[in-house]
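Undergrad: Letter by letter, the chains look like this.
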Amino acid sequence: MTDVRVAGVGLTHFGSHPERTGRDLFAEAALNASEDAGVPRDDVDELACGNFMGALAERQGHLAPLLAEAAGLSCPATRYEEACASAGVAVRQAVRLLRSGEADVVLAGGMERMTNLGTAEATEGLATAADELFEVRNGVTFPGAYALMARAYFDEFGGTREDLAHVAVKNHANALDNEYAQLRNEISVEDALESPPVAEPLHLYDACPFTDGAAALVLVSEEYAREHDLDAPVAVSGSGQGGDALALADREHLARTPAAGRAAREAYADAGVDAADVDLAEVHDCFTIAEVMALESLGFYEPGEAVGAARRGETTADGDRPVNLSGGLKAKGHPVGATGASQIAELTRLLRGDHPNADRVPDAEVGVAHNAGGTVASAVVHVLEVVA
Amino acid sequence: MSHPDEVRDAGYDEWLDAVAAGEGTYLACPEGHGSLPPRRTCPRCGSTDLAETPLPERGELSTYTVVHVPGPRFAEDAPYVTAIASFGPVRVTGVLRGVADGDGGIDDDRFEVGTAVEIDVEDRGADRERAVAFRPV
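For the record, the sequence lines run as chains A and B.
Residue numbers for the first sequence follow the working numbering, so the first one is 1 and each next one is one higher.
Residue numbers for the second sequence follow the working numbering, so the first one is 1 and each next one is one higher.
Hint data in this document are derived by calculation from the structure and do not stem from the laboratory.
Every value quoted in this text rests on a predicted model; they were computed, and no experiment measured them.
Any given hint might turn out to be false.
As the list claims (entries may be wrong) - Derived list of chain A stretches under chain B, where covered just means 3 residues or more per stretch with a C-beta under 8 angstroms from a C-beta of chain B: (1) 123-129; (2) 136-149; (3) 242-248; (4) 363-377.
Don't be surprised by glycine CBs; every beta carbon is placed ideally from N, CA and C.
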């Protein structure tokens, strides 16, 4: 089985770009990735792209061939939809194609256009990741679903809004120097606590923003990288995916995300690493409480212990294991169907040493990306390692 | 073409009718797991042996949130409370009613995790469509 190498990464600016079409966003990211990789577009065997709500935001279905065409690719193209984990799943499919030998070069990525919808419509669009009959019709919004989990977490394990505020403060600080990030402003714990409520106990600064953006990766087989003398020192060495009941009410625990635990165990076993080997992580912090549950599912903390991790400084840029050095979804932004690929692009830049925050992790060799769909009814975990 | 919301969802709408009539049910599998229709398999264990069982009269709140930023269907209800309540072996998601503070807000002294509730079916404000509603007992 071949190793999968990250030959190149490409991003658009993440932010409010309501006028930019999805096809143009994706084309920019894909061309950036091709240029970074130094791989001719004719060599791309397949496109695997994530997108969540194109049918709502642009009234556009059948996206994959459109995005391939926009990126200047003439190859088979498939769109993957797993809500906020769409691009993570697309990357996982690319890894499988390369490992099976069916492809030597796959362009994997994702795109989301959201801000053209406005807050109410975008809120309703995101809610389609939850169970329409049993959750959304009864008032569950996307922030509301995570608020239900946060309340259950506080009730079962303890923790406070102030603990969560430290997650937001950390991720805003990490985004300050990231030229692709949406929210490049420092905030204080007081700012977060005093921000308006969205779905209590979550307030505005517990939530990621609405974001337009795209991300792309050129993934290649080890053989292709060697034959073409590519500078591709980072490998995707592990991949895992887990699932759970869609509706929170149908889960065994309301304050845990076992789908991510299953994905992590599979990815660690695949890579031959364990949680203790991981030097840094990009995790799916669509809400501050989501980062907490992610760290527990990844095996960095026991259930109930991660809520204070940011406050204690363990996950900050100068902590033992920095989390979301990109700024995370919280501050870098969350173009839903692009996020999973964006996390891997950021980890690659951090491990290669060409990320603005790379000097915070100069000796890092193992990184983990955790991408979750909905309230973690889907989860994808990838392990990245420096191998050359 | 009719709007999707104008066509009944078989199984689900009959369940809502039953809850509205005070005769709510759930599906019980031999392992004792509870779930709501339409279902052919138990979401916990996969059993296909599901028996329609009367829903306990009272549930208790497992978790809740006061929603301030609603989607369009709840635009006239905000702020409102959405909660998950356990009725014996089945959890149900619904809107917690009867907890307004009389001043446009929510009186959160009137409920907490563990509060006993009854279940009914009530209208949403914006579109008058049906929603599961809980009220503190």
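Undergrad: Examine the region 242-248 of chain A: at least three residues should have C-beta closer than 8 angstroms to a C-beta of chain B.
TA: holds (count 3)
Undergrad: Does the region 123-129 of chain A contain three or more residues whose Cβ lies closer than 8 angstroms to a Cβ of chain B?
TA: Holds: 3 residues of the region 123-129 of chain A have a Cβ under 8 angstroms from chain B.
Undergrad: When I compare C-beta atoms, does the region 363-377 of chain A have three or more residues closer than 8 angstroms to chain B?
TA: violated (count 0)
Undergrad: Under 8 angstroms between beta-carbons, do enough residues of the region 136-149 of chain A, three at least, approach chain B for the coverage claim to hold?
TA: holds (count 11)
Going down the numbered hints, you'll see the structure goes against just number 4.
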